[in-house]
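Protein chains: 6
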Amino acid sequence: MTSKPTHLDDSGAAHMVDVGAKPATERRAVAGGRIAMSADALAAIRSGNAPKGDILSTARIAGIMAAKRTAELIPLCHPIALTSVAVDFAWEEDGISVRAAAATTGPTGVEMEALTAASVALLTLYDMAKALDRAMLIGDIRLLEKSGGRSGDWRAE
Amino acid sequence: MTSKPTHLDDSGAAHMVDVGAKPATERRAVAGGRIAMSADALAAIRSGNAPKGDILSTARIAGIMAAKRTAELIPLCHPIALTSVAVDFAWEEDGISVRAAAATTGPTGVEMEALTAASVALLTLYDMAKALDRAMLIGDIRLLEKSGGRSGDWRAE
Amino acid sequence: MTSKPTHLDDSGAAHMVDVGAKPATERRAVAGGRIAMSADALAAIRSGNAPKGDILSTARIAGIMAAKRTAELIPLCHPIALTSVAVDFAWEEDGISVRAAAATTGPTGVEMEALTAASVALLTLYDMAKALDRAMLIGDIRLLEKSGGRSGDWRAE
Amino acid sequence: MTSKPTHLDDSGAAHMVDVGAKPATERRAVAGGRIAMSADALAAIRSGNAPKGDILSTARIAGIMAAKRTAELIPLCHPIALTSVAVDFAWEEDGISVRAAAATTGPTGVEMEALTAASVALLTLYDMAKALDRAMLIGDIRLLEKSGGRSGDWRAE
Amino acid sequence: MTSKPTHLDDSGAAHMVDVGAKPATERRAVAGGRIAMSADALAAIRSGNAPKGDILSTARIAGIMAAKRTAELIPLCHPIALTSVAVDFAWEEDGISVRAAAATTGPTGVEMEALTAASVALLTLYDMAKALDRAMLIGDIRLLEKSGGRSGDWRAE
Amino acid sequence: MTSKPTHLDDSGAAHMVDVGAKPATERRAVAGGRIAMSADALAAIRSGNAPKGDILSTARIAGIMAAKRTAELIPLCHPIALTSVAVDFAWEEDGISVRAAAATTGPTGVEMEALTAASVALLTLYDMAKALDRAMLIGDIRLLEKSGGRSGDWRAE
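Chains as they are written, first to last, in our numbering: chain Y, 6 to 162; chain C, 6 to 162; chain H, 6 to 162; chain W, 6 to 162; chain L, 6 to 162; chain B, 6 to 162.
Next up, chain Y with everything else stripped away, as it sits in the complex:
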């Protein structure tokens, strides 16, 4: 762990950190998050996702596509040639949880790609349910695990 923000140079100016000297290794990251909603909204969403319903598919595709655009959204992220992205959902008692995994072979990690996929998938669920419940809450967005790179493997407690 470093003790100052790496994305600032000595004068405090933001820059895209130079990763040119870092070796290309296989890197993976998994992020999670969840959206909580009313029982009624959740029931409607679940029935909307019944066979041929597109709710989870839509959120999944949104998450996967957002992962590919992470470097366009997060100013100091490096463009990354993702080799794999997957987004999965689980029905919970009071909402839906998401788990997004990303991988690349490159000089920098894919935490932001996994987190962006999870966030946009949740925002997409929010969008589709917002006529049912305006008080939904998106949270628990965090890194679950990462592997590869100099800092090695890490897993959330």
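Treat the hints with caution; some may be incorrect.
As the list claims (entries may be wrong) - Computed list of lysine-lysine pairs in DSS-like fashion (alpha-carbon distance at most 25 Å, straight line):
| hint | chain 1 | residue 1 | chain 2 | residue 2 |
| --- | --- | --- | --- | --- |
| 1 | B | K27 | W | K27 |
| 2 | H | K27 | C | K27 |
| 3 | B | K27 | Y | K27 |
| 4 | C | K27 | L | K27 |
Source of the hints: derived by calculation from the structure; they are not laboratory data.
Take the given structure of chain Y and dock chains C, H, W, L and B to it, following the hints.
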């Protein structure tokens, strides 16, 4: 409140809801969220934001730019001519909170634009602090208030 | 019908035609297309689309999202505030047909948005089936009908 | 040839296939397509392309730029560092044919990039000729040849 | 002329200025710029633009497409429904000049769209000539005239 | 120095030059530019950038993000995995100068990325100051130095 997801047609297929018959009115939305981090990470971020430091500016610009790209990220969102976007931060004891406001004059609301701005601003803070703390938690992303449109004003309790 | 390409000025240079003086009216367009594939590929795709399978959802979302980006792809298209987009599929004996509908209230038509949605939906089906059949054929992409605007309604014979 | 869609996992969910273990090799693909139009529209387009006219240049640039955005349009496509793209046209008796070639050095093929370039070039021709003929037909979009990768070379019959 | 930057709020934070209360009027802007290059490079470019050559067409299309993406590039620009964009070039003794015009009907001006079109057209010329001359100079990028909006018409001296 | 535009094939058609056979080497480029403005505008901008003011941060982030989108803006540029981008400003007597540096490890150079970052940073400054001075002039945009690649190092005189 409707009782089924409006973004699905009768067969369950996702579609972009027809808003062609809705009148253009002034619409506003405010969304909030927060990122929690370790005391050390927070201290480093705060010092990185000292005069001339770019931490909060970078996250603010990321949020504003993301608001403009909401319809590219969220599959069923309508393209919206935003008339205003603002993103503000507050230092909290264990993290940073964000508040994003968006407005338009049009046939559909800007909740998703405000929520997207808040989410991407928080992801950008995460990105800049992630070398300091990998266990940061993004949450409390929700609509705080909205005005305009047929459903009228709404404010989170 | 005019007798020279409207997208060229008198010197032959491409430009985005000035629509500033045209009134904003409701405009709709429907485009169609199809992809032909081998019986084996089609059977695999159909089974992949069985309950919970994402094949058609993925292509639908791709088409809807592409409609929103038409003006980024087609150089002389005007940016358009789409009020509705829908993409539907039909299983045919030797492939899949698509029908994409778009609408706006504005000074210019949405034919290109409907055609772009249909094209990208078909390309997405191609992508997902290409490991099964490399000789698939995309065709019959055409305008089926349009309404609104000075030139009035039109329907393919 | 596999016998199920590779873009779905075992549960039928769409994902971006993991290509992290595939070696980077030189890969090329060529795709073709055509647009058919009335004799009058074709004549106007040909004269619009007379010296200094921008018709084919515009469609060519649109195709090249679209190839670079394939992964943004096609949900499960991997981002690819294209090393070359070329788009060429041929005048035919009743329309215009296009041929698009793409190349990369990487773990995955560029068929979709070539097909996307061809499709968007044709859509651009449609856009520029649509005031002349609304009944134009885009078709024959298909892979003509590919080389590189584990599956080896392939050429349309 | 105001006396402080309108894009900062009272605390100095950047925001997208609220234009919701401004009436939609017809607005036009014209921007210019030029690229200076060696006589050899200019001669090669001119011959490359000989009949069927794509140099100026490519730069023109790049400028037109960039105008449409201004709000994605310039953080505090409002998304604008452009009604017209045109980019023209003139051969000069030691280079090429560009003139870009944009128009909209809306609450905010199109100066940035015209300037962005001019800048990206010039960068595209640079790109195509850079193997011929690395010391090319892009300059004289400025607003030539604007009309519409509360501040009325303006023309560069 | 070659003697014809490399971005045209033998028939004069634009294409993305094939760099597949070029080795991946470390490449760097630095570009500069400046914006001249009235003393009053410059004073307002400087005060707007006082501690906590976002003027330069906003322009810096815009430049960095634009560098990542160079291949989307400049039609014949190759997509590049940038390993580093930095944008710095200097206050001058009658304006502000910018210096943008970009790097990659790849088969092609990053001059266009550095030039695009500089241009968009300057356009962003223009945007934020345009209510103060409409006659601002952007110029001196040029390559300052490059290294890497077959053509070796180069530095502006």
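Against the structure, the hints:
1. A distance of roughly 21 Å separates the Cα atoms of K27 of chain B and K27 of chain W; the hinted pair therefore holds under the 25 Å criterion.
2. Restraint check: the Cα-Cα separation between K27 of chain H and K27 of chain C comes to about 21 Å, which is no more than 25 Å; the hinted pair holds.
3. With a CA separation close to 21 Å, the supplied pair K27 of chain B and K27 of chain Y stays within the 25 Å bound.
4. For the hint linking K27 of chain C to K27 of chain L, the alpha-carbon distance of about 21 Å falls within 25 Å, and the restraint holds.
In this structure, none of the earlier numbered hints is contradicted; all agree with it.
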